[in-house]
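Chemist: Listed below, chain by chain, are the residues.
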Amino acid sequence: MIKKLSLISLFTLMPASFYFAQTTVYAYVKDQDGKPLEKAEVDLAQSSDDVTADKIGYFQFVDLKPGHYLITVAKPNFESKILEFDVAANEKRKDLGVITLNYTLGSDAGVIVIDDSASDSEDGGSSMQPTVGLLSSGRDAFQNVSAFELGAYWFRPRGVDNRFEDVLFNGVSMSKNDDGRIDFNNWGGMNDVTRYPYENVDNITPSEYTFGNLGGVVYYNTRASSYRKQTSLAYSFTNRSYLHRAMATYSSGLTKNGWAVTVSASRRWGDRAIIDGVYQDAYAYFASIEKKFTDRHSINLTAFGSPTYRASNAPNTQEVYDLMGKNYNSYWGWQDGEKRNSRIRNVFEPMFILTDYLKVGKNSNWTNTVSYQFGSDARSRLDWFHAPDPNPTYYRKLPSYGLLSADEFRQQSQIDWNSLYNANRLNLVDGDGKARGAVYTIVEDVNKDKTFNFSSHFDTRLKDNWKLNVNFNYQNLKSDNFRRVKDLLGANFANNLNAFNGDAKYDADNGNTEVREGDRTQYSYELTRNHYSLNISSEIDFNKWNVVASVFSSYSEAYREGNFRSGIARFRDNSKGKSSVYDALDAGVKGKITYKINGKNFIVYNGAFFSLAPTLNEIYINPRMVDYQTPGVGNQMINSNDLSYVMRGQILKLRLSGYLTTIQNATEISRYYADVNDGTLGNSFSTLVNEAMSGVNKRYMGLELGFDVKITPTLNAVGVASVGEYKYTNNPEVSTFDDLNGFRGTDVWGKANVKGYKVAGTPQKAFSFGLKYNSPKYWWVGASANYLMDQYLDFSALNKTPYMYTDPQTNDPFAGVTPELIELITKQKKFDNQFMLNANAGKSFQFGKYRMGISVSVNNILNNRNYVTGGFEQGRNVNFSDALADAQRETPYFGPKLWYDRGITFFTNVYLRF
Amino acid sequence: MKKYNSILKYIFITAASLFITTGCVHDDKYDQPNLDGYDCADKNGIVMPFADVKAKFQNNVTYAFPEDTTPNNEADDLYLVGYVSSTDETGNIYKTIYVQDALENPTQGFTVSVDAVSTYTKYPQGSKVYIKLNGLAVGAYGSLVQLGVKTGAETSASSVSRIPEKLVGKHIFRSCAPKGKIVPKIMKLADMVPANDQYFGCLIQVNDVEFDARALCTTYAPNGVTVDKTIGEGWAAGKYAKTAVVRNSGFAAFAGQLLPSGNGKFVGIYSKFQSGNTTTYQLYVNKSEDLDMKKFPRLDGLTEGPCDFNPGSLTAKTVADVKQLAAGTTNWVQITSDSYLKAQVVANDETGNLYKYVYVEDATGGIRINMNKTNLYLDSRFRLGKDVNIKLKNLYVRSVNGEVQLGSLFSNNTQFGQIEEVDMYKYFFDSNTASRPVVPTEKTISQLTTGDVGRWIKIKDLQFVDGDLGRTLTDGNAVTSRTLQDCSGNTVILRTSGQASFGGIKPGGYEVKGGKGDAYAILSIYNGTYQLWITKLANIDFDAPRCDGSVYTPIPVVYSDDFAAGGFSSDWTVKNVTGPQVWQTSNQGNGQNYYAMMNGNAGGAGNNIVNEDWLISKAVSLVGKTKAAVSFSTDVRYAGNALQVYATDNYTGDPATTTWTLLPATLDTNANAFGDWVGSGNVNLSAFLGKNVRIAFKYTSTTAAAATWEVDDFKIKAQ
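Which chain is which? The protein sequence lines are A and B, in order.
For the first sequence, my numbering gives the first residue as 18, with consecutive numbering after it.
For the second sequence, my numbering gives the first residue as 8, with consecutive numbering after it.
Each hint should be verified, as a subset may be incorrect.
[What the hints assert, rightly or not] Cut-off 25 Å, straight-line C-alpha distance, at most; resulting in silico cross-link-like pairs (BS3-like, lysine-lysine):
| no. | chain 1 | residue 1 | chain 2 | residue 2 |
| --- | --- | --- | --- | --- |
| 1 | B | K157 | B | K246 |
| 2 | B | K177 | A | K414 |
| 3 | B | K272 | A | K451 |
| 4 | A | K768 | B | K301 |
| 5 | A | K522 | B | K380 |
| 6 | A | K414 | B | K246 |
| 7 | B | K302 | A | K451 |
| 8 | B | K467 | A | K768 |
| 9 | A | K414 | B | K543 |
| 10 | A | K52 | A | K794 |
| 11 | B | K173 | A | K414 |
If you're looking for bench data, these hints aren't it; they were derived computationally from the structure.
Please take these sequences and the hints and turn them into a complete structure.
Modeler: Written as structure tokens, this is what we have:
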């Protein structure tokens, strides 16, 4: 056994026992299956000595004087265990035996939020992206609760959105280059193999594998041998965006001849979720195979992908919810006896990762990874040509508009597929018998990314207490974007013409404007990006201090290459071909200083100061049509600092943090479908509006408190308070691009008067208190009360510009404009505070080598349907009198479009592992 | 136990694999629905012939068909049965469905007014339709008889409203028979006479027609604006034998396309618009592909398509080159070289301050181009910021009162002036490029040179001179000068047309801004004096404090009367000293608004009467005030004594015994016209601070001359 002890155990602990020759207390930490648990933290009460279990789960305390002791053994994703023992006067060695830690269960509950179909829609804007906090249970009470209790209600710690978070697979960043956001779909359903991140740092804490960002880093290692040898089968039943989930995973463990294999597959499906007309069918595959050549060298190949097919639900104005209820979804209509949804997302972007693990010398590791990801992400929608908007909730069809009564609205509240087919059928040919194009079609916005990545991680231990990490990364992205005809709905072909702009050709160099199913239509362009980054970090550990520093620099270059020349004369020379190259240089520094007051009390400071190049999405204001760069786009400057007091006692664990983050010179792009007119037209068209704010400054500040009290060894009380203020601190410049008006810059819009407006997408204040009973008999039950405050509506910048109330002729406000009226039409909507109750329970069983668990979690038990999970203002090109009239209407025609919480939802899970 | 375990395992595996393979979800594949008989009907009711339905409209009064009281009995329903002759797929035909009584060789057409767009998706051209008349009504618009509904909200007894969208499907039924082909009825423009009015609503074809020269190289319609274009047939004595109007909507999908420039076949809906006794035969295009007008030569002799601009054989000239041609002479100079000018439109007539001309500019300078056409800004060639290509040969340049301008000759080539609309296609060519921002040339007043004339310039930190404060930008509808000064005291004239959207004094007249700011304007010159011309008020947005640091705030109005109610209120004292005529109020001749008026003429020439008449305001307190002024506007017509304006703080009840102070107010001086109201500006009342002031208008006339004086917008301001 001694032979197997790791070097660290020998060098750090043996000499101590030799010098002091007092009692040595030791034990082995294992999991429920009897597998050793590496890196479990063992905390000795009334002492500053913490030890960590080594590779075989062994730990020891060497200098214990006689007395009564209490230790806490903890490891992320496992339930902590407290042990009491006595040390007698002349005991040389005391064996505490095997300490078994149980897995924390119920962590599946959070994961399913990722499958929210609302985020599939372009309408979703920025606010509906899940946070990586959901990916795993964090290490402290605050992280756990904010992820699983508050996270279910779109709470984001520190107001940081998905764009500022990082997820790495073997060093490869999963953030999409186009918008910087993480697309969880790429590994959705792979919960078994992504349950335990290799590294998980919060907020701005430096990571060993990358420089990171504002919102923490989650690092997965897909190395086959890192998965415990077992077979796992699971089935879940839920009422969220799907009904069933089945999942199977097999891991071989490392065989004698150096091979290890892990495979996993799952399916999530169902078509009667809470929201009407939402259905889903998603598979996931994962395979990882490793060959260990020597103790110092392994190669691992991983492939995974999640072919996902999912229907979306529409945001609605309050008027529509009042008429139809909160489960109403306008995206579907009856066809073939089925609820056919017009908005389908179909995504499959498999990834292949080849990683080479090399140990260099005594203290160094060099890991090299090449990866390639390709595939397609397609989102469908109805399209129409020279016809009215078939959307049942088009504002002219709403009862408030006065044409239809509430009953008449209800009668036409779903898509009438037959009438769409019929319009096409009646117009297959024109009066002269000549074939003519479709009136209605379904088109898909397709994104085909090809990402090649090379990353290299080198770590070494310069001294026992001094670690050095070097990370290099190169990424090449070719992103092909186009619209495709998905379904002609019975027509012979569709016209590739811009009905918004005098039937101008979308593809002017092509004489043929007829497009058929599978053909590209309306837009087609490719974005290319090369990105190089170098990151060096180092950690030094002293008795009382621990210091981590991380620096990085990166260079990126990007360009657009259009395939279609716009038939609109003024965009002729900016639509087709290669654009100029946009390059950006970034740099930054992060640091963490921990002061150990004693073994239980710490003061931790984190600081970060770095620049962040704009994403492709931010560089080009409307890449679908032109290569125009967003005016004022540039690197954002981020400065973030936090200071925490951490207490890790046996009874009470607590963290209190204060943070202040400023973001300067950000570019914020919103793309949303809105009813737009060009100022002269009486008609408005529902078209995609690209809205950019540039030079945006924001400030995020607040306090976080999280605590976990062991009231009894089996009953925990967990509480969290997050009190933040996230707001805009300047008036940024605004520009827009839409099909009807083309580009309109700051000379038209001026600046958005948003100074003091709040950042949307998360409640700014949240509180949670929960109790959890952990029976020693392997069952638990818990409940939490959650209170969410200060949630604001995502605003449309152009609604906040002086353009709204300024007479362009005089440059002065229109007659009758008063500050009160401006306030009425521009004030930011704040949502009501909400109370939410969650509960969960579970039990695990052991039958020999078979282990079975069952759990159920229920969110929003009180079925509170008043919580707004996302939404956006409709950004219309209105003049003051129209906007005022609408603001003063009891039910505005163009009120904000909202998504509401789905009310009571449950997730039950049963698994079998052996 | 072990057995139990493996059973459990197998149950699990079996269940899981069952779920995975058989779990049934939408597959996103759908069969095309069978739509035979969908949303169509062939009705068995009483068919009313077109002529009978039209005949229900009599004596200019709408006829409403009785409601259907027996909804279950189709047999007694009244139907108009016809074929849809129009299509609104391009949006040129808007909220109207035209029908005719046969697919081919119709004898009648009709117009159905519906409150619905894109009706072609349900009733495509050539569809047989049954229009249930019960509940509908026959009326007329522009004397065109049409079918709609009577809601009671109509403003005239003869009109009908559009059939509401939700009722369209309840009244108009598409036959289940496949649609047919409408064969357009061939007509000549010469056939467009009252005897053929029964064809209104029919699809017609006119052969061998062409758009007239004014329409050449223009689009169907400017964006969002409905316009009339003219087609002609036959040609004799330099003009078309017969013309008709083609009415195009700026909302049509093809609105931005160029009109076909050749001769040939026109197909459209036949209609008319009548205003009073004037009947205009109008044609509506369904879609631009229906027009086959490509043949040359045209009737007017044009032998080839004129709209392509090919600079290959032309010499490029600059603005400076063009201006140079007129140097040293005041005569007009014809441009004879095969040359062209490419320049950016830097100011146009959008607000009406510039009228029938635009300014273009290149790197070498700017120049005014005169054209005999209004609303040039709607023409895509003259949009602000666009480059326009100008073929110069046969145009003329001339120094007009010192400013070199581009134009043509008119009046039998005896005068220099505007380029005629019929000739514009010969000279102006759309560059089809995006508008560029108009970049002003920054100058100070003292730096202005004749080389800057015609340019769009910016002068920083200007303000209106003190004397212009409180005045509107223009006096009435006339072109008016105001004076701008910089902080060194240099001045420059600002000229503004009373016809501009921001000109005039009522309504919509703008008082000049009292602050300081940057001015953006065209620099013009008139006999050696520089003049600025703005194109919108924002060009003189003077919001900063004035040169002396003061912040100008308009003096608050403490008393005002615009006589809007008609008649004088008790605030006014009318004193008739001499003559039968007295001060009264009127709203004749100057729009609907009332104003005060005094006229010493008893009707007709030589009927002038001696008059002295006073209009005296009530006493307005200026106690505690530090600043005070009176302002009003006047309009004079016919020769006569000038109106006199007085003030007093001690009115005795008799004008003759009152001590009056004569006020130096600016009055209208143009006695030749009504309607050119002139603002007085703020007339200083500082002599009356702390007192109660009355203002009096004293009118006098003689047998030799008696003017009509009108006074309005009376305000006493104090602070």
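Chemist: With reference to the structure, classify each hint as holding or not holding.
Modeler: To see whether the hints hold, each was checked on the structure:
no.: 1; hint: K157/B / K246/B; result: 44 Å, violated
no.: 2; hint: K177/B / K414/A; result: 18 Å, holds
no.: 3; hint: K272/B / K451/A; result: 18 Å, holds
no.: 4; hint: K768/A / K301/B; result: 50 Å, violated
no.: 5; hint: K522/A / K380/B; result: 32 Å, violated
no.: 6; hint: K414/A / K246/B; result: 51 Å, violated
no.: 7; hint: K302/B / K451/A; result: 23 Å, holds
no.: 8; hint: K467/B / K768/A; result: 23 Å, holds
no.: 9; hint: K414/A / K543/B; result: 39 Å, violated
no.: 10; hint: K52/A / K794/A; result: 20 Å, holds
no.: 11; hint: K173/B / K414/A; result: 10 Å, holds
Checked against the numbered hints given earlier, this structure breaks hints 1, 4, 5, 6, 9; the rest are met.
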